[in-house]
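Chemist: For the sequence shown, the UniProt record's numbering begins at 1 and goes up steadily by one.
Just so you know, nobody snuck in bad clues.
Ranges between beta-carbon positions, derived for each pair:
| hint | residue 1 | residue 2 | range |
| --- | --- | --- | --- |
| 1 | Asp78 | His123 | 15 to 23 Å |
| 2 | Asp71 | Asp121 | 31 to 39 Å |
| 3 | Arg49 | Asn153 | 16 to 24 Å |
| 4 | Glu146 | Ser45 | 32 to 40 Å |
| 5 | Asn153 | Phe97 | 13 to 21 Å |
| 6 | Trp43 | Asp101 | 37 to 45 Å |
| 7 | Thr39 | Glu146 | 39 to 47 Å |
| 8 | Gly30 | Leu141 | 49 to 57 Å |
Rather than coming from a laboratory, the hints here were simulated on the basis of the structure.
Cβ atoms here follow ideal geometry from the backbone N, Cα and C, with glycine treated the same way.
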Amino acid sequence: MSRPRAIPDPAASGGPGARHPKRRDRRGRGIRGQLLPRTVPAWRSRADRFDDLILDAVEHLSRRWDKQLQDVEFAVEDVPPSDPSPWEHGEVPLGRFFPADGDLPPRIVVYRRPVETRAADAHDIGELAQSVVVEQVAHLLNLTPEEVDPRYNRDS
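Go ahead and model the full structure; you've got the sequences and the hints to work with.
Modeler: Rendered as structure tokens:
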């Protein structure tokens, strides 16, 4: 009676099915675990924190303009498309309002990288993001930004 032969594992032999790390960890000097655990606030990316700023701004405006903003979609993109709209005179837009088109609801898009670049510090990013959302909602409602949000500050 012969013993059953073990089928060789290609990963153990370094064959074609072997998994290789994306980077070599030569001499054990690489990162051994997560740099930051998920429970630490710094674990969140800048994009995640920016999304939260936009959500806070939208929630603030929704308290006052709930009916008008009910069908509006809000989005965050990293950068605006490379083809500017005809009314944009060489400036990089911080946000855009897209009116309803066919089956698509009206949309307001805020561009994260231009807002972060224009802001002086982290506190400025929040104020500038709030201002961009207020300006785009004002454009949607055909009102002035001051009518949409009395806290609006034109200087930011």
